[in-house]
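S.K.: Read off the chains here:
Protein chains: 2
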Amino acid sequence: MNQPEQSSILYGRKITVECPATVANLVCGFDILGMALKDPQDLIEMSVSDQPGIRISHADGYDLPTDPAQNVAGAALLDLMQGVEESVGFDLTITKLIKPGSGLGSSAASSAGAVVAANQLLGNRFSQKDLVRFAMAGEKVASGVKHADNIAPCIMGGITLIRSIFPLDIIQLSAPPMYVTVVHPQIEVRTSDARQILRKEVLLKDAIRQWGNIAGLVAGFLQKDYDLIGRSLEDVIIEPVRSILIPGFDEVKKASREAGALGGGISGSGPSIFMLSREAATAQNISVIMKDVYDSLGIDSKIYVTTLNNEGATIRNLT
Amino acid sequence: MNQPEQSSILYGRKITVECPATVANLVCGFDILGMALKDPQDLIEMSVSDQPGIRISHADGYDLPTDPAQNVAGAALLDLMQGVEESVGFDLTITKLIKPGSGLGSSAASSAGAVVAANQLLGNRFSQKDLVRFAMAGEKVASGVKHADNIAPCIMGGITLIRSIFPLDIIQLSAPPMYVTVVHPQIEVRTSDARQILRKEVLLKDAIRQWGNIAGLVAGFLQKDYDLIGRSLEDVIIEPVRSILIPGFDEVKKASREAGALGGGISGSGPSIFMLSREAATAQNISVIMKDVYDSLGIDSKIYVTTLNNEGATIRNLT
Numbered sequence: 000m001n002q003p004e005q006s007s008i009l010y011g012r013k014i015t016v017e018c019p020a021t022v023a024n025l026v027c028g029f030d031i032l033g034m035a036l037k038d039p040q041d042l043i044e045m046s047v048s049d050q051p052g053i054r055i056s057h058a059d060g061y062d063l064p065t066d067p068a069q070n071v072a073g074a075a076l077l078d079l080m081q082g083v084e085e086s087v088g089f090d091l092t093i094t095k096l097i098k099p100g101s102g103l104g105s106s107a108a109s110s111a112g113a114v115v116a117a118n119q120l121l122g123n124r125f126s127q128k129d130l131v132r133f134a135m136a137g138e139k140v141a142s143g144v145k146h147a148d149n150i151a152p153c154i155m156g157g158i159t160l161i162r163s164i165f166p167l168d169i170i171q172l173s174a175p176p177m178y179v180t181v182v183h184p185q186i187e188v189r190t191s192d193a194r195q196i197l198r199k200e201v202l203l204k205d206a207i208r209q210w211g212n213i214a215g216l217v218a219g220f221l222q223k224d225y226d227l228i229g230r231s232l233e234d235v236i237i238e239p240v241r242s243i244l245i246p247g248f249d250e251v252k253k254a255s256r257e258a259g260a261l262g263g264g265i266s267g268s269g270p271s272i273f274m275l276s277r278e279a280a281t282a283q284n285i286s287v288i289m290k291d292v293y294d295s296l297g298i299d300s301k302i303y304v305t306t307l308n309n310e311g312a313t314i315r316n317l318t
Numbered sequence: 000m001n002q003p004e005q006s007s008i009l010y011g012r013k014i015t016v017e018c019p020a021t022v023a024n025l026v027c028g029f030d031i032l033g034m035a036l037k038d039p040q041d042l043i044e045m046s047v048s049d050q051p052g053i054r055i056s057h058a059d060g061y062d063l064p065t066d067p068a069q070n071v072a073g074a075a076l077l078d079l080m081q082g083v084e085e086s087v088g089f090d091l092t093i094t095k096l097i098k099p100g101s102g103l104g105s106s107a108a109s110s111a112g113a114v115v116a117a118n119q120l121l122g123n124r125f126s127q128k129d130l131v132r133f134a135m136a137g138e139k140v141a142s143g144v145k146h147a148d149n150i151a152p153c154i155m156g157g158i159t160l161i162r163s164i165f166p167l168d169i170i171q172l173s174a175p176p177m178y179v180t181v182v183h184p185q186i187e188v189r190t191s192d193a194r195q196i197l198r199k200e201v202l203l204k205d206a207i208r209q210w211g212n213i214a215g216l217v218a219g220f221l222q223k224d225y226d227l228i229g230r231s232l233e234d235v236i237i238e239p240v241r242s243i244l245i246p247g248f249d250e251v252k253k254a255s256r257e258a259g260a261l262g263g264g265i266s267g268s269g270p271s272i273f274m275l276s277r278e279a280a281t282a283q284n285i286s287v288i289m290k291d292v293y294d295s296l297g298i299d300s301k302i303y304v305t306t307l308n309n310e311g312a313t314i315r316n317l318t
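Top to bottom, those sequences are chains W and V.
Residue 37 in numbering that gives the first Met the number 0 sits at position 38 of the first sequence, with consecutive numbering throughout.
Residue 157 in numbering that gives the first Met the number 0 sits at position 158 of the second sequence, with consecutive numbering throughout.
Bear in mind the hints are in silico, worked out from the structure with no lab data behind them.
Quick caveat: nothing in here was measured; it's all calculated off a predicted structure.
Heads up, a few of these hints could be off.
[Said to hold, decoys possible] To give an idea of the chain V side of the interface with chain W (calculated C-beta under 8 Å), a few residues: (1) Asp168; (2) Leu203; (3) Ile207; (4) Gly211.
[Unchecked claim] Simulated crosslink set (DSBU-like; lysine-lysine; CA at most 35 Å straight-line): (5) V:Lys128 <-> W:Lys204; (6) W:Lys253 <-> V:Lys128; (7) W:Lys145 <-> V:Lys199; (8) V:Lys301 <-> W:Lys204; (9) W:Lys204 <-> V:Lys139; (10) V:Lys204 <-> W:Lys301; (11) V:Lys204 <-> W:Lys223; (12) W:Lys204 <-> V:Lys223; (13) V:Lys145 <-> W:Lys253; (14) V:Lys204 <-> W:Lys199; (15) V:Lys204 <-> W:Lys145; (16) V:Lys139 <-> W:Lys199; (17) V:Lys204 <-> W:Lys98; (18) W:Lys204 <-> V:Lys199; (19) W:Lys128 <-> V:Lys223; (20) W:Lys139 <-> V:Lys199; (21) V:Lys253 <-> W:Lys128; (22) V:Lys37 <-> W:Lys223; (23) W:Lys204 <-> V:Lys253; (24) V:Lys199 <-> W:Lys199; (25) V:Lys223 <-> W:Lys223; (26) W:Lys223 <-> V:Lys145; (27) V:Lys223 <-> W:Lys145; (28) V:Lys204 <-> W:Lys37; (29) W:Lys223 <-> V:Lys128; (30) V:Lys204 <-> W:Lys128; (31) V:Lys199 <-> W:Lys253; (32) V:Lys253 <-> W:Lys199; (33) W:Lys253 <-> V:Lys204; (34) V:Lys204 <-> W:Lys204; (35) V:Lys204 <-> W:Lys139; (36) W:Lys204 <-> W:Lys223; (37) W:Lys204 <-> V:Lys145; (38) V:Lys145 <-> W:Lys199; (39) W:Lys204 <-> V:Lys37; (40) V:Lys98 <-> W:Lys204.
Where is the CB? At the ideal position from N, CA and C, for every residue including glycine.
Construct the complete structure from the given sequences, taking the supplied hints into account.
M.R.: In structure tokens form, the structure reads like this:
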């Protein structure tokens, strides 16, 4: 971390940051892979002052906590402020468009967006890796675990590999252009429940199959080999257990593959399901398929047809 | 498979093929990764005739079987001949320089070399993937398992990923130039014993750490990032169990890392140990370290300082 002069702090300015939704796990990459989406995105407006403290307000209807220690953005900022010598405070307004509990990295968007905004207002003194670390304190509030598989792509954009959490080792993986279709069935799956139903031990032969797929997926991204990406999007460990919590999962997956999706699966711990496609038309067709499945099950659903987002959290404006 | 004319068979010609040693697993890639070495290499001399049958002789002192069904090269050729309509036979002489039981893919070199040689003599009618499949029949004779993590790099060269065995899916991974130091302590570790001591179940948290490393290693190769390769060469599942069978393993690994090795570990199921280095001088220094460790333990050892082999099994001459 640099120690720039105090004058680099942008007192009296107001920044608006767009914080993208993210898909963690990417089927076979449980706890290590994540991908940023163009849509949906949260917005965070923030200003910095010499009045210590973090004051949070919400411009949405989700009734999230405003106490900084209980709020994911607040917890991330509290962690960041431990690295700030000057006596400063932040005022922020969060507009959530990524529904909490959707499995699309809603908490990560708030934590990541808050530290990206704060870093700009503080004269850009922290590295992206520092920001990931601060934002992980927000994830701890949200799910009890300091995971980075939503945070890293939200801050850095594109597809990220978390090779290791302790020590933190993040690798950005370039990938070919891809369309992403997401359905968020309006049911609740708690991250903590989704974790609890996982077995603590797995068969070695399943683990070997999984790491073959992970290796294939990483090679597919870097070699821009769509077929290999498709063949590697297989999860023999987590999905068979977690998909039980998501009605319609098998139908969505089967029909999407038949319609030409490269593949896909549960987004994070669900209930959202994502599918990757090479062509925009395929992604559109899949959105209709997804809607039909949930309509026929009598479950409301929200659909997004979007693309991979290579920028990550970005400054919409700074006034 | 093509069905070319019978006239494409090179009756009366004699081919000599060099069949390289290979390192399977590459630390964290158990059962999915393999790498070809420049040295050591076996030699196979072969001719084809219209006299059916496979006649094997050995020009080395290893007293390996000559019955085709019991010999790894013979078993591979028997499998290949099921795809040949013409009535042909092969005469071959095998000179093994890769010691059986070294963990350096000795059986794979014979199986792979035999089918590469035969394919040339038959007018190149089979694909590399066909050849891998035939040669796997040889591995079945050697170890009871049709694995491809030595066969694939031996035939294709470089570093190969076996994403899946059924169906067979082989991906070639480009990698930056690397030096390889190998020590073969003259002790016996049976592949079957090395497999039996592995637990059938592994902790999910260990599997996650392993697939983070595999993803990192694949990304490191493809992005030509030596540091990332080094950080990813960690095995929390297989090595802690198997290294117990190899005296001196921990010392060799620790001292090699200290001398600047990127990393390394058990070659295949052992007892050979390999270390990757970026510089030739480092690889040389490590060879001295390895020799010293085994000299001090009173165990004979054979050392190779070599490089990654991007060609795989190659034709030395065709007369």
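S.K.: Next, verify each hint and record whether it holds.
M.R.: Each hint tested on the structure:
1. Proximity of Asp168 (chain V) to chain W holds as hinted, the smallest CB-CB distance being about 6 Å (cut-off 8 Å).
2. Hint status for Leu203 (chain V): holds, given a least beta-carbon distance of 5 Å to chain W, under 8 Å.
3. Checking Ile207 (chain V) against chain W by beta carbon gives a least distance of about 5 Å; that is within 8 Å, so the hint holds.
4. With a least beta-carbon distance of about 5 Å to chain W, the hint placing Gly211 (chain V) at the interface is held under the 8 Å criterion.
5. With a CA separation close to 23 Å, the supplied pair Lys128 (chain V) and Lys204 (chain W) stays within the 35 Å bound.
6. Only pairs whose Cα atoms come within 35 Å are accepted, and Lys253 (chain W) paired with Lys128 (chain V) is accepted, the gap being roughly 29 Å.
7. For the given pair, Lys145 (chain W) sits about 30 Å from Lys199 (chain V) by alpha-carbon distance, which is consistent with the 35 Å threshold.
8. With a C-alpha separation of about 33 Å, the suggested pair Lys301 (chain V) and Lys204 (chain W) falls inside the 35 Å cut-off, and the hint holds.
9. Distance check on the hinted pair: Lys204 (chain W) and Lys139 (chain V) sit about 18 Å apart at the alpha-carbon level, within 35 Å; holds.
10. Between the alpha carbons of Lys204 (chain V) and Lys301 (chain W) the distance comes to roughly 33 Å, so the proposed pair stays at or under 35 Å and holds.
11. A hinted pair counts as satisfied when its Cα atoms are at most 35 Å apart, and Lys204 (chain V) with Lys223 (chain W) qualifies at roughly 30 Å.
12. Note on Lys204 (chain W) and Lys223 (chain V): the hinted pairing holds, with a Cα-Cα distance of about 30 Å set against a maximum of 35 Å.
13. Taken as a hint, the Lys145 (chain V) and Lys253 (chain W) pair is honoured in the structure, with Cα atoms around 31 Å apart against an allowance of 35 Å.
14. Taken as a hint, the Lys204 (chain V) and Lys199 (chain W) pair is honoured in the structure, with Cα atoms around 8 Å apart against an allowance of 35 Å.
15. Distance check on the hinted pair: Lys204 (chain V) and Lys145 (chain W) sit about 14 Å apart at the alpha-carbon level, within 35 Å; holds.
16. Among the hinted pairs, Lys139 (chain V) with Lys199 (chain W) is consistent with the structure: their alpha-carbon atoms are about 33 Å apart, no more than 35 Å.
17. Proposed proximity of Lys204 (chain V) and Lys98 (chain W) is supported: the alpha carbons are some 29 Å apart, at most 35 Å.
18. For the hint linking Lys204 (chain W) to Lys199 (chain V), the alpha-carbon distance of about 8 Å falls within 35 Å, and the restraint holds.
19. Taken as a hint, the Lys128 (chain W) and Lys223 (chain V) pair is honoured in the structure, with Cα atoms around 21 Å apart against an allowance of 35 Å.
20. A distance of roughly 33 Å separates the Cα atoms of Lys139 (chain W) and Lys199 (chain V); the hinted pair therefore holds under the 35 Å criterion.
21. Of the supplied pair hints, the one linking Lys253 (chain V) and Lys128 (chain W) holds, its CA atoms being roughly 29 Å apart against a limit of 35 Å.
22. Among the hinted pairs, Lys37 (chain V) with Lys223 (chain W) is consistent with the structure: their alpha-carbon atoms are about 29 Å apart, no more than 35 Å.
23. Taking the CA atoms of Lys204 (chain W) and Lys253 (chain V), the gap is near 29 Å; set against the 35 Å cutoff, the hint holds.
24. Proposed proximity of Lys199 (chain V) and Lys199 (chain W) is supported: the alpha carbons are some 14 Å apart, at most 35 Å.
25. Distance hint between Lys223 (chain V) and Lys223 (chain W) is fulfilled; the C-alpha atoms sit about 16 Å from each other, no more than 35 Å.
26. Restraint check for Lys223 (chain W) and Lys145 (chain V): satisfied, since their Cα atoms lie roughly 30 Å apart, inside the 35 Å limit.
27. Using a Cα cut-off of 35 Å, the hinted pair Lys223 (chain V) and Lys145 (chain W) holds, with the two alpha carbons roughly 30 Å apart.
28. Note on Lys204 (chain V) and Lys37 (chain W): the hinted pairing holds, with a Cα-Cα distance of about 31 Å set against a maximum of 35 Å.
29. In summary, the hint linking Lys223 (chain W) to Lys128 (chain V) is supported, as the alpha carbons are separated by about 21 Å, within the 35 Å threshold.
30. Restraint check for Lys204 (chain V) and Lys128 (chain W): satisfied, since their Cα atoms lie roughly 23 Å apart, inside the 35 Å limit.
31. Distance restraint check for Lys199 (chain V) and Lys253 (chain W): the Cα-Cα separation of roughly 31 Å lies within the 35 Å cut-off, and the hinted pair is therefore satisfied.
32. Taken as a hint, the Lys253 (chain V) and Lys199 (chain W) pair is honoured in the structure, with Cα atoms around 31 Å apart against an allowance of 35 Å.
33. With a C-alpha separation of about 30 Å, the suggested pairing of Lys253 (chain W) with Lys204 (chain V) holds against the 35 Å cut-off.
34. For the given pair, Lys204 (chain V) sits about 15 Å from Lys204 (chain W) by alpha-carbon distance, which is consistent with the 35 Å threshold.
35. Among the hinted pairs, Lys204 (chain V) with Lys139 (chain W) is consistent with the structure: their alpha-carbon atoms are about 18 Å apart, no more than 35 Å.
36. A threshold of 35 Å between alpha carbons decides the hint, and for Lys204 (chain W) with Lys223 (chain W) the separation of about 28 Å falls inside it, so the pair holds.
37. A distance of roughly 14 Å separates the Cα atoms of Lys204 (chain W) and Lys145 (chain V); the hinted pair therefore holds under the 35 Å criterion.
38. Simply put, Lys145 (chain V) and Lys199 (chain W) have alpha-carbon atoms about 30 Å apart, close enough for the 35 Å limit, and the pair holds.
39. Restraint check: the Cα-Cα separation between Lys204 (chain W) and Lys37 (chain V) comes to about 31 Å, which is no more than 35 Å; the hinted pair holds.
40. Simply put, Lys98 (chain V) and Lys204 (chain W) have alpha-carbon atoms about 29 Å apart, close enough for the 35 Å limit, and the pair holds.
When the structure is compared with the earlier hints, no violation turns up for any of them.
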